[in-house]
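So the sequence lines, in the order shown, correspond to chains A and B. Residue numbers for the first sequence follow the UniProt record's numbering, so the first one is 1 and each next one is one higher. Residue numbers for the second sequence follow the UniProt record's numbering, so the first one is 1 and each next one is one higher.
Hints in this document: simulated from the structure, not taken from any laboratory. It is possible that part of the hints are untrue.
Remember, identical chains collapse to one label, so a pair may be satisfied in a single copy or spanning two.
[Stated by the list, open to error] When the alpha-carbon atoms are kept at most 35 angstroms apart in a straight line, the in silico DSBU-like pairs for lysine-lysine are as follows:
| hint | residue 1 | residue 2 |
| --- | --- | --- |
| 1 | Lys-97 | Lys-304 |
| 2 | Lys-304 | Lys-17 |
| 3 | Lys-276 | Lys-304 |
| 4 | Lys-304 | Lys-286 |
| 5 | Lys-304 | Lys-240 |
| 6 | Lys-97 | Lys-131 |
| 7 | Lys-17 | Lys-97 |
| 8 | Lys-16 | Lys-304 |
Protein chains: 2
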Amino acid sequence: MRLAELGEFGLIDRIKKNVAASPSVLLGIGDDAAALVPAPECVTLITCDMLLESVHFDLSFCDPESLGRKSLSVNLSDLAAMGAHPRQFLLGIALGKEVPIEFMDRFMAGVLEQAERFGATLVGGDTCASKGGIAISITALGEQRPELVLKRSGARPGDLICLSGTVGDAAAGLVALRQGVREGFLVSRQLDPTPRVAAGVALAEGGLATAMIDVSDGVLGDLGHIREMSGVGARLELAKLPLSDEYRAACGDDPYALALSGGEDYELLFCIAPGKRGEVEALFAKLALRLSVIGEITATPEVKLVTPGGGVYAPGHGGFDHFG
Amino acid sequence: MRLAELGEFGLIDRIKKNVAASPSVLLGIGDDAAALVPAPECVTLITCDMLLESVHFDLSFCDPESLGRKSLSVNLSDLAAMGAHPRQFLLGIALGKEVPIEFMDRFMAGVLEQAERFGATLVGGDTCASKGGIAISITALGEQRPELVLKRSGARPGDLICLSGTVGDAAAGLVALRQGVREGFLVSRQLDPTPRVAAGVALAEGGLATAMIDVSDGVLGDLGHIREMSGVGARLELAKLPLSDEYRAACGDDPYALALSGGEDYELLFCIAPGKRGEVEALFAKLALRLSVIGEITATPEVKLVTPGGGVYAPGHGGFDHFG
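Chain A with its partners taken away, still in its complex shape:
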């Protein structure tokens, strides 16, 4: 069956019946707007990301379930970077009338699987016909106490710069996909990233970090946002960049280029006072998540990249710019 046969309201009903109730939702799908119940003493964290076919994803590379999971994950990652608990989300999707309903069923299964895993409830959105490719827009909401929210602006000279997980994998995975590879660790890091929600929330609630961002544009680009908002510089030791074995095998002569400038790893890049290092290490051990201290925040507003031999590395470019 195609969407044209099911119709817009048939599609909405089909989606709605798979959505569970939540105490934070007074009214969900079905009215002109959803009604959400804010938790006492919390602020609402809200973020929005668009994913466009042929720009952000290629249907010859990914299955609909992964696309559904990733569409939500990139938003959950933004909430994680603020230290927020995910609560609700809205999904806008535009797609052609001739798309088989099976595609939407599988896409929604991925979206709702990830939503359940991270405690987010679908409360509304928009469906419409597209004359071009598929366009997805998700707005995700989370909550946290205002004094615990982590911003980009809190980094101070002397802070240690930390990363969760490994970096460069997603960019290397995209290179591999373009070369015809369809599976493996790097490909799955590109197509199905894991938002670091538990780590982000624990860093915020433990008062452990001074600034945080998620690695969506690349380590250098995202560190640049922290530097700019905090008015600081940074010194990175490239030997300490967390690189997976698969990335090392795939990256060629320069192991740093993609690890520094490749986006979409959705790891957390955060700064901590040196005295918190033990606590943060204990937290990451508990979460079974790799932690790397890759450098430190400096007072001068420049970034210095130190090679393993002690030299200075000059990167090709600083991060992903959609219009660049």
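With chain A fixed as given, assemble chain B onto it according to the hints.
Relative to chain A, chain B alone:
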């Protein structure tokens, strides 16, 4: 200058500097997510609408300022239909690298003009490059006390069915645009609708309505949503449909077809107990907004359309379906 020269982050900075602060916004544009301060004892109403080039708008028909205003208006209209005060919104926009920055400046001027008029603050969003046409996604947030929120499900047999303003204008305006007309009342109703925010809030806060929806899909389609959610039927007197003189002059032999099934008027369709009629009339007089009682809610789950001569009118179709 083109967007490619300004870059993604240059564009974001350019937008950000025109956004005023608001007490409901703890953190606006510039972090991974915005942080919003909910009002005490209120629920958050949230809605999302996508507007796609060649589907929802045609740049040969409209100027960028009108497109900006309408993009926000369709979302504010959803908040109005719940009886909510607009508070904040997020804007996602995908557009080609070759788009002149002047287009974005004029589009944003329209968005922010409408935002200021209705008290909504831009708090975040997403900008990205599109390989197809322009895609716009706005998520708008409002607030209201939960016991005052108006739903689609509250209509009861005997309730009077009311409309604000006039209907059919926007659909007739689209017909005129396609025939080459570029100005006038009908065209402006299509390109630059006014969300009925003050009326929606006053109906909710006065406890005057039992159910409400905005006319985005057409009177019959939107009344159908109220009927379905309330488990009721309706009897409409076509002679009482509020039609503008300009619409009457343009509609040809059948004045009811577009007035019943044409969407995008963004008027409020609502139900009231008969005893509230005087109060509602006084409210609309104060707002200088036309009010029409067009029929009543019935117990049987059908809709009956009565012609001026007392006959039964059979409509061509019931409302807009994106995949129909």
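Evaluation of the provided hints:
Taking identical chains as interchangeable, the C-alpha atoms of Lys-97 and Lys-304 lie at most 35 angstroms apart only when they sit on different chains, with a minimum of 31 angstroms there against 51 angstroms within one chain. In the homo-oligomer, the alpha carbons of Lys-304 and Lys-17 lie at most 35 angstroms apart only across protomers (30 angstroms), although the nearest pairing inside one protomer, at 53 angstroms, exceeds that limit. Proximity of Lys-276 to Lys-304 under the C-alpha cut-off of 35 angstroms is restricted to the intra-copy arrangement: shortest distance 24 angstroms within a copy versus 71 angstroms between copies. Taking the closest pair of Cα atoms, Lys-304 and Lys-286 come within 35 angstroms of each other only inside a single copy of the chain (32 angstroms); across copies the shortest separation is 65 angstroms, beyond that limit.
Only within a single protomer do Lys-304 and Lys-240 lie at most 35 angstroms apart by alpha-carbon distance; the minimum there is 14 angstroms, versus 74 angstroms between protomers. In this assembly of identical chains, Lys-97 and Lys-131 lie within 35 angstroms of each other by CA distance both inside one copy and across copies; the values are 9 angstroms within and 20 angstroms between. Proximity of Lys-17 and Lys-97 under a CA criterion of 35 angstroms is satisfied intra-copy only: 22 angstroms inside one chain copy versus 40 angstroms between copies. Taking the shortest alpha-carbon separations for Lys-16 and Lys-304, only the inter-copy value of 29 angstroms comes in at or below 35 angstroms, while the best intra-copy value is 51 angstroms.
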